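**Student:** One letter stands for each residue in the lines below.
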Amino acid sequence: MKINYKGNIDLTIGAGGRAMNQLIHDLMLAEFDNEFLAQQGDQAILPPANGKLAFSTDSYVVSPLFFNGGDIGSLAINGTVNDLAAGGATPLYIAAGFIIEEGFPLAQLREIVKSMAKAAKTANVKIVTGDTKVVEKGKGDGIFINTSGIGVVENDWVATSPQTDDLVIINGAIGDHGMAIMSKRQGLNFASDISSDCAALNSLIASLAPYQKHIRIMRDPTRGGVSAVLNEWATFYNCSFEIDEEKLLVNESVRGLSEILGFDPLHIANEGKVMLVVAKDYADEICSLMKNHPLGQESRIIAKVNPASQVKVSMKTLFGGLRRVDWLNGEQLPRIC
Amino acid sequence: MKYIDEFRNSQVAKKLIENIQRKINPERKYNLMEFCGGHTHAIHRYGINQILPANIKLIHGPGCPVCVLPIPRIDQAIWLANQPDVILCSYADMLRVPGDKQDSLLKAKARGAQIQIVYSVLDALEIAKNQSDKMIIFFAIGFETTTPPTAHAILEAKKMGLDNFKVFCNHVLTPVAMTAILDDNEVNIDGFIGPSHVSIIVGSDAYREVAQEYQKPVVIAGFEPLDVLQSIEYLIDLINENKPDIINQYTRAVNPEGNLKAQEIIARVLEKRQQFSWRGLGQIAKSGLKIRQEYAHFDAEVYYNLPEFQSDDVKSCECPQILRGIKEPKDCKLFGKACTPENPMGACMVSSEGACAAAFQYSLISR
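Heads up: the protein sequence lines correspond to chains A and B, in order. Mapped onto the numbering used here, the consecutive letters of the first sequence carry residue numbers 1 to 337. Mapped onto the numbering used here, the consecutive letters of the second sequence carry residue numbers 1 to 367.
Just to be clear, a hint being listed does not mean it is correct.
With a cut-off of at most 20 Å between alpha-carbon atoms, the simulated SDA-like pairs for lysine to any residue come out as follows [what the hints assert, rightly or not]:
id	chain 1	residue 1	chain 2	residue 2
1	B	Lys-15	A	Leu-322
2	A	Lys-316	B	Lys-15
3	A	Lys-184	B	Ile-17
4	A	Lys-139	B	Ser-10
5	B	Lys-337	A	Trp-327
6	A	Lys-137	B	Gln-114
7	A	Lys-247	B	Asn-9
8	A	Lys-184	B	Val-118
9	A	Lys-184	B	Leu-122
10	A	Lys-126	A	Val-153
11	A	Lys-312	B	Lys-337
12	A	Lys-184	B	Gln-116
13	B	Lys-330	A	Val-311
14	B	Lys-14	A	Val-311
15	B	Lys-109	A	Gly-140
16	A	Lys-316	B	Ile-17
17	A	Lys-316	B	Arg-45
18	A	Lys-126	A	Asp-58
19	B	Lys-109	A	Gly-138
20	A	Lys-114	A	Gly-130
21	A	Lys-184	B	Tyr-119
22	B	Lys-129	B	Asp-163
23	B	Lys-330	A	Leu-322
24	A	Lys-139	B	Val-12
25	B	Lys-333	B	Ser-316
26	A	Lys-137	A	Gly-7
27	B	Lys-330	A	Gln-310
28	A	Lys-316	B	Val-12
29	A	Lys-247	B	Ser-10
30	B	Lys-290	B	Asn-305
31	A	Lys-312	B	Arg-45
32	A	Lys-247	B	Gln-11
33	A	Lys-133	A	Gln-43
Facing chain A, from chain B, some residues (calculated, C-beta under 8 Å) [claimed, not checked]:
id	residue
34	His-44
35	Tyr-46
36	Gly-47
37	Gln-50
38	Ile-51
39	Asn-55
40	Pro-225
Hints were generated in silico from the structure; no laboratory data involved. Bear in mind the structure is a predicted one, so any value in this text is a computation, not a measurement. Glycine included, every Cβ here is placed at the ideal spot set by N, Cα and C.
Produce the complete structure using the sequences and hints provided.
**Tutor:** This is how it looks when you write it as structure tokens:
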């Protein structure tokens, strides 16, 4: 019997019996289709890897589940792919765990699974194992997805400490993902054209292989935004960063909504951006190379590395003043007036 | 971006700075208070305080509604949120503000109180319409900017016969607070960078008493960085000429008499309290608003016979002096140590637009 996608997830599906088996077989196995998943074991037996292993996990609890530019499914794949790629690894395999709330529409689950399959194909990774659990109504928020990923570091690239005068590159505009989500949050629903930048960055990062020895560190600035990454680096590597506000790219709609809500785009999440600290002498070449990639066309140098004795992260403002760029304090909450 | 980029042009900023440098008298100090937290935020965010001549001192006033709400009122809001079948609706940035013993609405929510973030009082009204089995209490705070919608919502609730909608009213008044600050002999202010959004409602004429009786010029300034710079230039002119006048720099939104319709709605529904306590500043006579007897049915204070709470500001906190411009954030021994945005001890650190929070977040002083 075929699954009726007009229905909803119920506890029968969650009981681990025939209904669950049918859902996994008809939906997950069919969409994620690959030789490792087809083994249908409680584990995926994978071939030996040619290099050091990179292993990462992340849980996705985004609301709303569907947003302009993506959904929780594509986010769950791209997020883990990017976490691996930013460590210099080639992402290979992904494990996906679903926690679904009773009553969740099956049609939406199908849409999410299809989106994950498409994202995995684009990123050239395989979803090789997984798990599905159903929780009672009221004990979840529709659907949560956890993805864990394995990648391989083939060329011994390791992060190294930034040096004074190094430069920081980012592959485009900041804040698109966070604002795409915020604009569709319950109670706001701004009529905006902001689209999430949700994308897998592994092929962009792979294209930089010729310059690897000049790249000190990489990171994708997700929650906490650009400011969180720079503050983390500054603390860990004991250096300081100075952003040039004039060089930062913030799309018009993101700027407008940030103004209304009192948010700083430097604190807003991205899902398709990578930041690199690179040796000064190679920064322009690396930036040019990134511009050749579809996800790097708006790449730019946005900051420089200063000696450790200075304020950890600062920004030269458009007016020529200098101000601190701090961590985000707590959650960003819209201001009253 | 039209209407934003025009007010952030670095070339225009450079020109304005040159004007200010040319106009100032190097022999004297200019103590300018920006009353609004929005201005404080813009000044720090664009580093305006660093590019002004050293003899212009910007004093960050008390104009942040989140900051100035006293601890007992937060305690009362938490008490209301804990009543059976209540949904307390609040603007988001109130949730973090600490009450007694660092409790907050955010913590009350985590303990199970039903607290809903709303972006407008009309959202709260909508919830009341849809959830008739719950009592919806709107936590109304703010200066004149947010007051008219609160008054309007009460009129709407009456029209609709919504018995399950109440308002916990904490609205405060700007011009009264300015005069209260000036009454302090220690205060040394030469002029005000006047509020912008507030002035849309009250009009630029509302500052006549400040300008004429206290001999302090006021320039109503927009929130964009170029607005602030141009307003500083205007203030320097007025101070140099010894003219305690009012200039409206924010002409694109403010007129002399303000929004008469909004004023009429406020006057119909709300009236001045004899006293209202401000966090960091203490009691200020006739500086707060309460719901008129005629609309008492919608007043959460009356309906719940709201208990009084006794809790004071932290003793060693220097907020009262900082809000008056007598001290700066760095002069407070709690600043950046015991008192941080994650764990604010005083009014100025509570909201991102408070003087200490802005200094903590943006300034290059070591901490």
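**Student:** Indicate, hint by hint, whether the structure satisfies it.
**Tutor:** How the hints compare with the structure:
no. : hint                   : verdict
1   : B:Lys-15 to A:Leu-322  : holds, 19 Å
2   : A:Lys-316 to B:Lys-15  : holds, 18 Å
3   : A:Lys-184 to B:Ile-17  : violated, 40 Å
4   : A:Lys-139 to B:Ser-10  : violated, 52 Å
5   : B:Lys-337 to A:Trp-327 : holds, 16 Å
6   : A:Lys-137 to B:Gln-114 : holds, 19 Å
7   : A:Lys-247 to B:Asn-9   : holds, 14 Å
8   : A:Lys-184 to B:Val-118 : holds, 14 Å
9   : A:Lys-184 to B:Leu-122 : holds, 18 Å
10  : A:Lys-126 to A:Val-153 : holds, 17 Å
11  : A:Lys-312 to B:Lys-337 : holds, 17 Å
12  : A:Lys-184 to B:Gln-116 : holds, 17 Å
13  : B:Lys-330 to A:Val-311 : holds, 16 Å
14  : B:Lys-14 to A:Val-311  : violated, 25 Å
15  : B:Lys-109 to A:Gly-140 : holds, 18 Å
16  : A:Lys-316 to B:Ile-17  : holds, 17 Å
17  : A:Lys-316 to B:Arg-45  : holds, 10 Å
18  : A:Lys-126 to A:Asp-58  : holds, 17 Å
19  : B:Lys-109 to A:Gly-138 : holds, 17 Å
20  : A:Lys-114 to A:Gly-130 : holds, 15 Å
21  : A:Lys-184 to B:Tyr-119 : holds, 13 Å
22  : B:Lys-129 to B:Asp-163 : holds, 10 Å
23  : B:Lys-330 to A:Leu-322 : holds, 18 Å
24  : A:Lys-139 to B:Val-12  : violated, 55 Å
25  : B:Lys-333 to B:Ser-316 : holds, 8 Å
26  : A:Lys-137 to A:Gly-7   : holds, 15 Å
27  : B:Lys-330 to A:Gln-310 : holds, 18 Å
28  : A:Lys-316 to B:Val-12  : holds, 17 Å
29  : A:Lys-247 to B:Ser-10  : holds, 13 Å
30  : B:Lys-290 to B:Asn-305 : holds, 14 Å
31  : A:Lys-312 to B:Arg-45  : holds, 17 Å
32  : A:Lys-247 to B:Gln-11  : holds, 16 Å
33  : A:Lys-133 to A:Gln-43  : holds, 17 Å
34  : His-44                 : holds, 6 Å
35  : Tyr-46                 : holds, 5 Å
36  : Gly-47                 : holds, 2 Å
37  : Gln-50                 : holds, 4 Å
38  : Ile-51                 : holds, 5 Å
39  : Asn-55                 : violated, 17 Å
40  : Pro-225                : holds, 7 Å
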